[in-house]
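Chemist: Here is how the chains run, residue by residue.
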Amino acid sequence: MAVNLLYFFIFPGLIFMAAAGGLLSWFDRKITARVQFRKGPPLLQPFYDFFKLLLVKETILPKHGSGFIFLLAPLLALFGATMAGLFILLPLFNIETGFRGDIIVIFYLLTLPSFSYIIGALASGNPLGAVGASREMKLIISYELTFLLLVAAVIMKSGLQFDLNSVIAAQQSGPPFIGSISGVLLFIAGIFCVQAKLALVPFDMPEAEAELASGIYIEYSGPPYAMIRLAKYIMLFILPAFLVALLMNGMNTGINIVWLILKILGVVLLLTLIRNTNPRVKIKQASGFFLVWMNLLVVVAIVLIAFGL
Amino acid sequence: MGFKDYCFRKSLWVFHFGGASCNNCDIEILDCLTPRHDLERFGILLVGSIRHADVLLVNGSINRRDRDRLLELYHQAPKPLLVVAIGACGCTGGIFAEGNTFAGPVDKIIPVDAYIPGCPPKPEAIIAGIVKLAGKK
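Just so you know, the protein sequences line up as chains A and B, in that order. Residue 1 is where the first sequence starts when you use the working numbering, and the numbers rise one by one after that. Residue 310 is where the second sequence starts when you use the working numbering, and the numbers rise one by one after that.
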């Protein structure tokens, strides 16, 4: 029991993931600044933002809305992100081997933050929040099928292993999955799914600062918004980690932890560069992109896997 | 200065309210966020929703219609909130001070923490004002 609490709150859990996610968020902002020839924020900027929101600012409840659900949604988002991160990081660090079928559990837990943002935005009773929530719903419908197919393809490629530990073990005994044609196709689809899950720029219609004034987060202030920021930091860490575990070999023991860090930084760098070189697309374009092209890509990859490529 | 104040000073998020402005001050404010001046190195971000704001930048002459909007924005913002009046119109009313529709400079409507005069103020002046404001608390 005590060791489970330790896992949840300290080491691969909340505090570790928050610290790692905050540093990755700084990395993302710094790279963005360098791409735009700016200097960028200081190293601890995400933590200043978080503690300012948590400790200094006041919480305002919307007048025409459900206060309880409005406040519950950020906690639910944080819980989903932490729990999913736990199931991803425990096998990744070889701490505990997980259980049969935990990939499916991770898949469902990863959607929990998006769902709770929708619930919170609708509970706030703000029309712009409602527009943001409807866009987020459409976005989820678009990318979830691709993501599910991707997970299925990885399970198929690892010889029908349904737990993350066996997927990593299958890659460590043989070549990593990204070393084959189907693996590269899966990685491309995975990067775009992660981009949409994190709501980064080509797919940031739910927040859309310019048109919707932060959309789904519009009514949040103070500590609840700090929880949302924390959930976003954690998602920025665990989604690249999940991609690394699924396709890029996970982590070997010993000095190879440096490789793990470099792989995660590489994935985040790719996400940041995509974010900085693309405009925001319309929701219809995003749906078409995922439902037609990305699904086609993953289906092609699955066919290639069936032929052993 | 405690930990809370330090975090607040290092992460000021800015909401921009333009009254009946001639747009010169708006352009100079946006200039501060461009690569040349880059306010993000002080942790300053431009946010889209007043609920996320720590600093309310007000520029332009405030006429009778703007006054209600400005008051509503001020009441909807989570406290603590710093208010900065930018430009001659925001500070004193400038050439519109005698106008029929003019509803007073900003500090007659809401309490103001910093004044940045100029018509329009240079980006350097705005940065200097905001840095002084961050050091004040």
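The set of hints was computed from the structure by calculation and includes no laboratory data. It should be emphasised that the depicted structure is a prediction, and the values quoted were computed from it without experimental measurement. Note that CB positions come from ideal geometry on N, CA and C, so glycine has one too. Hints are not guaranteed to be accurate.
[As the list claims (entries may be wrong)] Restraint ranges, calculated between C-beta atoms of paired labels, are given here:
| no. | chain 1 | residue 1 | chain 2 | residue 2 | range |
| --- | --- | --- | --- | --- | --- |
| 1 | B | K431 | A | G179 | 50 to 60 Å |
| 2 | B | A437 | A | E58 | 24 to 34 Å |
| 3 | B | R345 | A | V281 | 51 to 61 Å |
| 4 | B | E381 | A | L269 | 18 to 28 Å |
| 5 | B | K431 | A | T111 | 44 to 54 Å |
| 6 | A | V184 | B | R345 | 38 to 48 Å |
| 7 | B | R345 | A | E58 | 45 to 55 Å |
| 8 | B | R374 | A | G67 | 47 to 57 Å |
| 9 | B | P389 | A | H64 | 42 to 52 Å |
| 10 | B | A434 | A | L269 | 28 to 38 Å |
| 11 | A | G179 | B | P389 | 15 to 25 Å |
| 12 | B | N332 | A | L148 | 29 to 39 Å |
[As the list claims (entries may be wrong)] Straight-line alpha carbon distances no greater than 35 Å define the calculated DSBU-like cross-link-like pairs of lysine-lysine that follow:
| no. | chain 1 | residue 1 | chain 2 | residue 2 |
| --- | --- | --- | --- | --- |
| 13 | B | K417 | A | K30 |
| 14 | B | K417 | A | K232 |
| 15 | B | K417 | B | K431 |
| 16 | B | K431 | A | K284 |
Chemist: Now tell me if each hint is right for this structure.
Modeler: Comparing the hints with the structure gives:
1. B/K431 with A/G179: 50 to 60 Å: 56 Å, holds
2. B/A437 with A/E58: 24 to 34 Å: 29 Å, holds
3. B/R345 with A/V281: 51 to 61 Å: Check failed, 30 Å falls outside 51 to 61 Å.
4. B/E381 with A/L269: 18 to 28 Å: 43 Å, violated
5. B/K431 with A/T111: 44 to 54 Å: Hint holds: Cβ distance 49 Å, inside 44 to 54 Å.
6. A/V184 with B/R345: 38 to 48 Å: At 40 Å between Cβs, range holds.
7. B/R345 with A/E58: 45 to 55 Å: Between B/R345 and A/E58, where Cβ atoms are some 35 Å apart, the hint is violated.
8. B/R374 with A/G67: 47 to 57 Å: Taking Cβ atoms as reference, B/R374 and A/G67 lie about 32 Å apart, which means the hint is violated.
9. B/P389 with A/H64: 42 to 52 Å: 26 Å, violated
10. B/A434 with A/L269: 28 to 38 Å: 37 Å, holds
11. A/G179 with B/P389: 15 to 25 Å: 54 Å, violated
12. B/N332 with A/L148: 29 to 39 Å: At roughly 49 Å between Cβ atoms, A/L148 and B/N332 fall outside 29 to 39 Å, so the hint is violated.
13. B/K417 with A/K30: 40 Å, violated
14. B/K417 with A/K232: Distance ~40 Å between B/K417 and A/K232 Cα, so the pair is violated.
15. B/K417 with B/K431: 25 Å, holds
16. B/K431 with A/K284: Violated: B/K431 and A/K284 sit about 42 Å apart, past 35 Å.
The structure fails hints 3, 4, 7, 8, 9, 11, 12, 13, 14 and 16 (numbered hints given earlier, in ascending order).
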